[in-house]
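Novice: Place chain B on chain A using the hints.
Protein chains: 2
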Amino acid sequence: MGTNRRKFLQRLTIGGGILATGLPAIAGDLATSDEEIERSSQWEKSRQRFNMCGYAAPKIPTVKVAIIGLGMRGSDAVGRLGYIDGLEIVALCDKYPDRVEKAQLTLEKRGRPKARAYSGEDGWKALCENSDADLVYNVTPWHLHAPICLYAMKNGKHVATEVNAGLSIDQCWELVETSEKTKKHCMMLENCCYDFFELLTLNMARNGLFGELVHGEGAYIHDLSKDWLFNKKAYADMWRLKENYQRNGNLYPTHGLGPIAQCLDINRGDKMDHLVSMSTNDFTLGNMANEMAAKDPFFNEFTGKPYRGNMNTSIIRTSKGKTIMLQHDVSTLRPYSRLHTLSGTKGIAQKYPGPEKIAFGHSWIKKEELDELYKKYTPPIVKHIGEIAKEVGGHGGMDFIMDWRLIDCLRNGLPLDQDVYDAAAWSSIIPLSERSVAKKSRTVDIPDFTRGAWKTNKPVDLTLNGGATTNVRKVQK
Amino acid sequence: MGTNRRKFLQRLTIGGGILATGLPAIAGDLATSDEEIERSSQWEKSRQRFNMCGYAAPKIPTVKVAIIGLGMRGSDAVGRLGYIDGLEIVALCDKYPDRVEKAQLTLEKRGRPKARAYSGEDGWKALCENSDADLVYNVTPWHLHAPICLYAMKNGKHVATEVNAGLSIDQCWELVETSEKTKKHCMMLENCCYDFFELLTLNMARNGLFGELVHGEGAYIHDLSKDWLFNKKAYADMWRLKENYQRNGNLYPTHGLGPIAQCLDINRGDKMDHLVSMSTNDFTLGNMANEMAAKDPFFNEFTGKPYRGNMNTSIIRTSKGKTIMLQHDVSTLRPYSRLHTLSGTKGIAQKYPGPEKIAFGHSWIKKEELDELYKKYTPPIVKHIGEIAKEVGGHGGMDFIMDWRLIDCLRNGLPLDQDVYDAAAWSSIIPLSERSVAKKSRTVDIPDFTRGAWKTNKPVDLTLNGGATTNVRKVQK
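Chains as they are written, first to last, in my numbering: chain A, 6 to 482; chain B, 6 to 482.
Excised from the complex, chain A in its bound form (with noise of 0.2 Å):
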């Protein structure tokens, strides 16, 4: 390795690594600047170490998991996963030791085994450091799924991470190399990839049902701003609400953008090349956050906050030509969206505002038609375990499929549906975002974390092969 390519490194895991802990300091500081877009620019022209799009891990019969972060989605998650034969989880991390006991009680309820517990702030960097689990599976505040993603697959375990895998470039690229140099998946956890209009509409897609895609929609409109964002109870240190006055753009991309960035072989023969993105001004966080306050003194510190607009639409180019449109409002008062849209050139389908909707000409079908192509392309994974995951729950089912998939793929040394390029992608339109909207909504391209391979890389894997001997327990009323 010649001495540039090395100083580059070392500066960028400099860089990298700033950014990678702790909690932004100045609100607006945070939107991607030009060193950031020049080392990202770099790092694309670089070699890719080692292609983990299709990578195959060791088969790992029984899967050691540990889990950081037991908080209201984390403490969830040990409750599904604990439903879920061929694992054990070993240990249990959060900053909060009473989180750490009730979920104990989750695992005795599930007929498991105490795990080892971790607690406080470094909880997590002990646990990454001693425990010999296989697997991290990472439900922190937004700051941290970098920093732990990174410490883990550092420490010799696979990771998968709540969305975003991470908050900006730097952090970013620094989960691409570390996942190609350790052979460590790191793969995010976007749940809405296994919703079943999701999984219904990506076969469909692979089958051609609605010609060539020519434009896609995907949102996260959900109103959080009384009931989550201002609830004392709901985000550990109110990180959430922080979170809308630190950064102004499309915060939560994912949910809305993974589906479609399916749907459109994202990474995967096509690939995110710029976007643009506008929000407006905010009309109501601010305005509660005085009205909060008016009442209770614990909420002054929150009043005076930039916050970011309510309302961030984005646009996305891809390199064949295709478009995507999101968005992102979690504080206005309206009915939930995801919107998956799906537009080709011989037909459509929409699922938000509901019902779920196709169209293969001007009209949309009837719900009938809509029962048969159920019938006909509910992929094999939904086929195998929808109706349990159902019984499950989390999210009408969509949870516990995520899971049981990650874990059925880990034990049977199967490339996972999500990697690290997915992960890195999807999260940066993030900090790219809010570097558009800090710019008067600027043209601002996408990195290609594959650096090339997208063109030869393959479509997710619709099928079971090789996979599907992961048992699930009785699901306890």
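Please note: incorrect hints may appear among the correct ones.
[As the list claims (entries may be wrong)] Pairs of lysine-lysine, DSSO-like flavour, derived with a Cα cap of 27 Å:
no.: 1; chain 1: A; residue 1: 50; chain 2: B; residue 2: 445
no.: 2; chain 1: B; residue 1: 380; chain 2: B; residue 2: 395
no.: 3; chain 1: B; residue 1: 460; chain 2: A; residue 2: 444
no.: 4; chain 1: B; residue 1: 460; chain 2: A; residue 2: 371
no.: 5; chain 1: A; residue 1: 445; chain 2: B; residue 2: 445
no.: 6; chain 1: B; residue 1: 362; chain 2: B; residue 2: 388
[Stated by the list, open to error] The calculated label-pair distances, taken between Cβ atoms and stated as ranges, are:
no.: 7; chain 1: A; residue 1: 39; chain 2: B; residue 2: 395; range: 37 to 43 Å
no.: 8; chain 1: B; residue 1: 381; chain 2: A; residue 2: 383; range: 43 to 49 Å
no.: 9; chain 1: B; residue 1: 231; chain 2: A; residue 2: 93; range: 31 to 37 Å
no.: 10; chain 1: A; residue 1: 309; chain 2: B; residue 2: 56; range: 36 to 42 Å
Quick caveat, the hints were computed from the structure, so don't treat them as lab data. Ideal placement from N, C-alpha and C gives every residue a C-beta, glycine not left out.
Specialist: Okay, now just chain B, sitting in the frame of chain A:
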């Protein structure tokens, strides 16, 4: 007037004049140029001659109407206007004389005398010069809209024009200048502003039911490809298909934008500030041209053309920090949509995909509740003329509501609902989106055609005060 200003205005008139006549020559040559942007910024800096927003022209008890353009849309207009009392149709004009003859028969059916006939390439000029019409009703192909509007106003006539009003920024400014100078109305016939759900939501927005509006969405998604664009009998000389390879952007923004702009008080309290726009590649029209040409050599000249991308998505930001997402797709197989989404701090409305939806929380209200809203918030114009309009027809009635309102305003000397600033601003999205698309979605500023008057201009009047004196003849079945 100083020498500089005189020179500047002279230069503008020349520039505008060149672009105002004749067909575009070269594909891709039509996106707004840097020089045009510079001319526009000079216009913005100059002073408004006269504020046409809210302008009440002298009453015209019997409005003499001349209709130019008697294709599909124009001949329908003859039929509709024929029902309205208090007007005389004094002149009919089309390039093709047989169409004029056909329209005369429609007049006869309505019990009206024959109109003076004009035809040939320059028939519209002769009409503008010679007819004593008070109002020119312009239903010609897109590229003739602005030239006819300008010529009509210069010849002392009010003008109402089919969408768009202008295809270039130069044309838009020339319309504004000419309307202000002649004190003649230049109204765009944006019929979708008069559709029932659109008027309901405008009245609801005015009454604060959505709180502060934050974000709006409009679209023209209508698969015209097979049945219309490639139909030899649909558009004279295939003009609409030609537009689809001469321009790449949002060619038809006003049906989606108009109603949203009225709800957001654009040009009347807020204004559109800048936009970004992105198009997909073309995946259908080029192939269709090849298929058609294989069967019929007439279509040979339409092969190998740089057809515009199927889907164009644009995002507009207003001076008050709201956003408008606009889409345009006339060439993929999918159901019709204009979206019409209005999202505010207290609620949301969305028309497409149907059924019409409104929410004031996390769930859409029930059909019965929507019926109640219709009862309570249907504005006076719909109560007055809505049922008759449905009988007359024309896109379900909205065309007739628009026609009746236009004539009633002229007869009673009321300001029109759409003025030249609306016509210019809404139409400007065409060339500006083209410019953005041509420059990899670069941010493009939107001119303030009101030259500052938007800050004090009053919103569209939703009462019928001073009007509603115009009768309608018995509708023939």
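Novice: For each hint, tell me whether it holds in the structure or not.
Specialist: Hint-by-hint comparison with the structure:
no.	hint	result
1	50(A) <-> 445(B)	holds, 22 Å
2	380(B) <-> 395(B)	holds, 17 Å
3	460(B) <-> 444(A)	holds, 26 Å
4	460(B) <-> 371(A)	violated, 49 Å
5	445(A) <-> 445(B)	holds, 15 Å
6	362(B) <-> 388(B)	holds, 21 Å
7	39(A) <-> 395(B): 37 to 43 Å	violated, 59 Å
8	381(B) <-> 383(A): 43 to 49 Å	holds, 45 Å
9	231(B) <-> 93(A): 31 to 37 Å	violated, 60 Å
10	309(A) <-> 56(B): 36 to 42 Å	holds, 39 Å
In this structure, the earlier hints numbered 4, 7 and 9 are contradicted, and the remaining ones agree with it.
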